[in-house]
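Undergrad: Taken in sequence, the protein lines are chains G and S. Be aware that the first sequence starts at 11, since it is given in the working numbering, and climbs by one per residue. Be aware that the second sequence starts at 11, since it is given in the working numbering, and climbs by one per residue.
Simulated from the structure, these hints should not be mistaken for lab results. Keep in mind that the hints are not guaranteed to be accurate.
No copy is singled out in the list; a pair is fine if it fits within one copy or between any two copies.
[What the hints assert, rightly or not] Derived lysine to any residue pairs resembling SDA-like cross-links, with alpha carbons at most 25 Å apart: (1) Lys75 / Ala221; (2) Lys75 / Gly99; (3) Lys272 / Gly99; (4) Lys357 / Glu34; (5) Lys95 / Thr35; (6) Lys357 / Val338; (7) Lys95 / Gly206; (8) Lys357 / Glu336.
Number of protein chains: 2
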Amino acid sequence: MGGLLSIDEARARILSPLRPTPAETVALASAFGRVTAAPIAARRTQPPFDVSAMDGYALVAVDGKEGARLRVIGSAPAGHPFAGKLGPGEAVRIFTGSVMPEGADAVLLQEDAREENRIVVIGETTVAGRHVRRAGQDFSEGTPLVPAGRRLTARDIGLAAAGNHPWIAVHRAPRIAILATGDEIALPGESLPPGGIVSSNAHALAALAVAAGAEPTVLPIAPDDIAAIAEAAEATRGMDFLVTTGGASVGEHDLVRAGLSKRGFALDFWKIAMRPGKPLMAGRVGEVPMLGLPGNPVSAMVCAMLFLLPALARLSGLPGEAPPTEEVPLGASVPANDVRADHLRAKFARDDEGRTVVVPFPRQDSSLMRLLAEAEALILRPPHAPALAAGALVPVIRLDRLGI
Amino acid sequence: MGGLLSIDEARARILSPLRPTPAETVALASAFGRVTAAPIAARRTQPPFDVSAMDGYALVAVDGKEGARLRVIGSAPAGHPFAGKLGPGEAVRIFTGSVMPEGADAVLLQEDAREENRIVVIGETTVAGRHVRRAGQDFSEGTPLVPAGRRLTARDIGLAAAGNHPWIAVHRAPRIAILATGDEIALPGESLPPGGIVSSNAHALAALAVAAGAEPTVLPIAPDDIAAIAEAAEATRGMDFLVTTGGASVGEHDLVRAGLSKRGFALDFWKIAMRPGKPLMAGRVGEVPMLGLPGNPVSAMVCAMLFLLPALARLSGLPGEAPPTEEVPLGASVPANDVRADHLRAKFARDDEGRTVVVPFPRQDSSLMRLLAEAEALILRPPHAPALAAGALVPVIRLDRLGI
Numbered sequence: 011m012g013g014l015l016s017i018d019e020a021r022a023r024i025l026s027p028l029r030p031t032p033a034e035t036v037a038l039a040s041a042f043g044r045v046t047a048a049p050i051a052a053r054r055t056q057p058p059f060d061v062s063a064m065d066g067y068a069l070v071a072v073d074g075k076e077g078a079r080l081r082v083i084g085s086a087p088a089g090h091p092f093a094g095k096l097g098p099g100e101a102v103r104i105f106t107g108s109v110m111p112e113g114a115d116a117v118l119l120q121e122d123a124r125e126e127n128r129i130v131v132i133g134e135t136t137v138a139g140r141h142v143r144r145a146g147q148d149f150s151e152g153t154p155l156v157p158a159g160r161r162l163t164a165r166d167i168g169l170a171a172a173g174n175h176p177w178i179a180v181h182r183a184p185r186i187a188i189l190a191t192g193d194e195i196a197l198p199g200e201s202l203p204p205g206g207i208v209s210s211n212a213h214a215l216a217a218l219a220v221a222a223g224a225e226p227t228v229l230p231i232a233p234d235d236i237a238a239i240a241e242a243a244e245a246t247r248g249m250d251f252l253v254t255t256g257g258a259s260v261g262e263h264d265l266v267r268a269g270l271s272k273r274g275f276a277l278d279f280w281k282i283a284m285r286p287g288k289p290l291m292a293g294r295v296g297e298v299p300m301l302g303l304p305g306n307p308v309s310a311m312v313c314a315m316l317f318l319l320p321a322l323a324r325l326s327g328l329p330g331e332a333p334p335t336e337e338v339p340l341g342a343s344v345p346a347n348d349v350r351a352d353h354l355r356a357k358f359a360r361d362d363e364g365r366t367v368v369v370p371f372p373r374q375d376s377s378l379m380r381l382l383a384e385a386e387a388l389i390l391r392p393p394h395a396p397a398l399a400a401g402a403l404v405p406v407i408r409l410d411r412l413g414i
Numbered sequence: 011m012g013g014l015l016s017i018d019e020a021r022a023r024i025l026s027p028l029r030p031t032p033a034e035t036v037a038l039a040s041a042f043g044r045v046t047a048a049p050i051a052a053r054r055t056q057p058p059f060d061v062s063a064m065d066g067y068a069l070v071a072v073d074g075k076e077g078a079r080l081r082v083i084g085s086a087p088a089g090h091p092f093a094g095k096l097g098p099g100e101a102v103r104i105f106t107g108s109v110m111p112e113g114a115d116a117v118l119l120q121e122d123a124r125e126e127n128r129i130v131v132i133g134e135t136t137v138a139g140r141h142v143r144r145a146g147q148d149f150s151e152g153t154p155l156v157p158a159g160r161r162l163t164a165r166d167i168g169l170a171a172a173g174n175h176p177w178i179a180v181h182r183a184p185r186i187a188i189l190a191t192g193d194e195i196a197l198p199g200e201s202l203p204p205g206g207i208v209s210s211n212a213h214a215l216a217a218l219a220v221a222a223g224a225e226p227t228v229l230p231i232a233p234d235d236i237a238a239i240a241e242a243a244e245a246t247r248g249m250d251f252l253v254t255t256g257g258a259s260v261g262e263h264d265l266v267r268a269g270l271s272k273r274g275f276a277l278d279f280w281k282i283a284m285r286p287g288k289p290l291m292a293g294r295v296g297e298v299p300m301l302g303l304p305g306n307p308v309s310a311m312v313c314a315m316l317f318l319l320p321a322l323a324r325l326s327g328l329p330g331e332a333p334p335t336e337e338v339p340l341g342a343s344v345p346a347n348d349v350r351a352d353h354l355r356a357k358f359a360r361d362d363e364g365r366t367v368v369v370p371f372p373r374q375d376s377s378l379m380r381l382l383a384e385a386e387a388l389i390l391r392p393p394h395a396p397a398l399a400a401g402a403l404v405p406v407i408r409l410d411r412l413g414i
């Protein structure tokens with residue numbers, strides 16, 4: 011059943027049973043943002059031959075004296091290499107990316123050349139090898155281009171293409187089922203029960219899952235009813251993860267437990283030493299790992315940042331670490347903290363000297379979703395952190411960096 | 011025709027004719043990452059009534075004296091409000107999110123209560139209004155929740171849901187056609203012409219477009235041939251933007267110009283005072299704004315970061331500004347710069363004191379795609395910037411922040 015856990019302990023327990031999804035083959039054109047399941051090595055050499063780095067003339071370096079005149083024996087546009095061999099006293103017109111003709115070892119820049127009647131006059135002495143890109147300068151066949159376990163950037167896509175890969179092995183996007191429970195909630199636009207509120211967690215969490223590269227399935231809202239929760243449990247077959255919200259009030263988690271137990275269920279119920287947040291469930295439904303978030307929307311989102319994002323990263327083939335923090339000076343004082351780790355919703359501002367500072371909102375009640383949406387950062391306040399004056403450095407999570 | 015333009019001038023000229031795409035209606039569940047075309051205001055009040063912030067008992071504050079005993083007249087789980095009215099000497103069992111019963115104005119926490127035989131004994135004196143969330147504490151009907159022109163975060167999705175919006179008006183994702191030209195290039199896995207190389211720009215740019223929220227269409231590679239380029243020009247009908255790569259060497263831009271002119275064409279050809287990059291085309295094909303990037307993959311990607319990302323942002327309904335920079339100390343000295351703005355590919359490291367520093371790669375040749383993929387930042391070196399020693403602050407673009 012567990013007692014009052016620290017955030018790091020809770021995260022470690024959530025992550026420990028998670029394994030990356032298996033690999034699938036996707037087209038290079040669909041691989042952006044996916045996590046590589048195998049290293050990508052070059053299948054060719056780049057450039058595949060010595061090429062010119064500039065527009066101009068290829069020649070033999072020793073011929074390239076200022077004032078010398080060379081015979082232009084041909085032209086080699088990119089994709090149309092010069093077929094013959096270049097000898098002393100000869101030049102070939104070339105362009106950026108053109109294959110260097112056999113025999114040539116220097117490039118005369120176009121702006122240093124004057125051509126008339128197939129004779130080029132050299133305006134500046136050339137240097138052997140200058141403005142020539144050597145074969146293999148970028149990579150050779152077999153060079154590792156992208157390691158396994160990397161989320162592919164647009165630049166990686168270009169590099170894999172240059173390495174001649176039309177297909178990429180990536181981890182399958184984790185399939186995550188999202189279940190909101192509660193008699194009091196209804197979807198936006200639907201009629202509300204008496205005392206009801208609009209369900210906002212499921213679609214916010216689905217968006218967060220998309221940001222993390224997962225594939226969300228929003229299950230129908232389950233009322234506080236064992237049969238309905240059991241039906242939802244059935245819907246988790248073939249999923250990689252189940253996240254629930256709500257069902258964490260006194261008595262309610264017993265209901266969720268009873269409903270989910272129809273499919274084989276192992277549950278931990280924890281109180282985490284944190285704010286906003288506190289009640290969290292974790293376990294598994296059959297083979298599917300499960301995380302139960304609070305029903306309060308602010309608590310649900312903050313817990314999702316701290317626990318669900320790392321879990322989805324781990325399933326995706328990444329390490330799955332705590333959200334990255336950086337140290338930023340406070341723009342206002344903060345009081346001493348109590349026993350629970352706090353996550354103050356905050357905005358950035360400039361101080362009198364133009365430095366970036368982080369300023370917590372005066373109101374931190376966990377019912378204020380509007381302030382969470384406005385927030386740019388969470389200020390981390392560890393348990394028992396002392397009061398701090400403006401100017402003190404505090405660790406912050408930048409929300410834009412999480413992509414959510 | 012233009013001369014040697016600065017980066018800021020070029021960007022301003024590219025952005026100035028661009029207008030946001032028109033609005034479309036999407037389901038809330040599809041709106042994550044889209045840019046709002048209209049403000050979103052609350053359609054209801056949140057919470058819609060006074061609710062309890064905790065599990066416990068609702069009562070009249072003046073009754074809540076330590077040691078007092080109250081009669082428990084009912085229970086109000088979330089979604090099942092207590093129907094009657096609470097009077098002196100009475101309490102109602104409530105839970106987090108429960109509607110406060112009529113007549114009650116205080117909450118006794120569960121951990122401060124002991125209930126036996128429908129009598130609750132008060133363990134700690136209550137305070138009126140404490141642990142009660144007031145109706146409208148988060149927002150009221152009509153409160154602005156999300157402004158127009160904002161890229162919706164996961165938190166915004168939750169907020170719009172809570173505000174009872176099943177549908178959202180967003181700018182249509184910009185449709186961008188991507189055209190790689192050149193006789194020397196072929197797609198990954200296809201057989202190469204003599205002297206040929208694998209085309210990598212189109213799919214790297216398509217990934218970048220996806221990262222910017224646009225919808226890319228990769229056109230078939232156009233050989234260096236007027237008819238083929240004219241056919242590609244036809245394919246731009248209905249597109250919001252055309253980006254080409256290649257065709258910027260001496261003579262080649264005349265070819266592109268001739269091909270595109272079949273569809274009504276206004277072209278600027280610029281040499282930008284930058285490295286990597288330099289030749290850039292901009293203009294329009296018929297009604298479609300067009301940007302012509304260099305064929306060199308490193309130059310194409312750097313130019314795309316500086317010019318294409320802001321253009322796609324502008325089309326998406328955002329301002330479309332220069333990529334954000336921050337000041338980071340150098341981890342190594344850099345030489346003085348010449349007349350062209352430079353963008354040094356670099357990685358972050360820690361110096362002896364543990365500070366984050368930025369270290370340019372020793373090799374900066376624009377043929378090195380592998381180093382661009384490894385880079386974490388571009389160090390901006392303005393024209394004529396002086397030599398700087400390690401420790402000096404330099405503006406950098408963090409590539410992870412661009413999502414590419």
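Undergrad: For Lys95 and Gly206, with the copy left unspecified, which applies at a CA distance of at most 25 Å: within, between, both, or neither?
TA: This pair counts as between: shortest inter-copy Cα distance 19 Å, intra-copy 84 Å.
Undergrad: As a check of your reading, is Lys75 near Ala221 (CA-CA no more than 25 Å) within one copy, between copies, both or neither?
TA: This pair counts as neither: shortest intra-copy Cα distance 59 Å, inter-copy 50 Å.
Undergrad: First find the shortest C-alpha distance between Lys357 and Glu34 inside one copy, then the shortest across copies, and answer within, between, both or neither for a cut-off of 25 Å.
TA: This pair counts as neither: shortest intra-copy Cα distance 41 Å, inter-copy 31 Å.
Undergrad: I want to check one pair: Lys95 and Thr35. Are their C-alpha atoms no more than 25 Å apart within a copy, between two copies, both, or neither?
TA: neither (44 Å within a copy, 63 Å between copies)
Undergrad: Using 25 Å as the alpha-carbon threshold, which applies to Lys357 and Val338: within, between, both, or neither?
TA: both (11 Å within a copy, 22 Å between copies)
Undergrad: If the cutoff is 25 Å on CA atoms, where do Lys357 and Glu336 land: within, between, both or neither? Let me know, please.
TA: Intra 14 Å, inter 18 Å, cutoff 25 Å: intra and inter.
Undergrad: Is it within a copy, between copies, both, or neither that the alpha carbon of Lys272 lies no farther than 25 Å from that of Gly99?
TA: neither (88 Å within a copy, 43 Å between copies)
Undergrad: Checking Lys75 and Gly99: alpha-carbon separation at most 25 Å within a copy, between copies, both or neither?
TA: For Lys75 and Gly99, only the intra-copy Cα distance (11 Å) is at most 25 Å; the inter-copy one is 108 Å.
Of the numbered hints listed earlier, those contradicted by the structure are 1, 3, 4 and 5.
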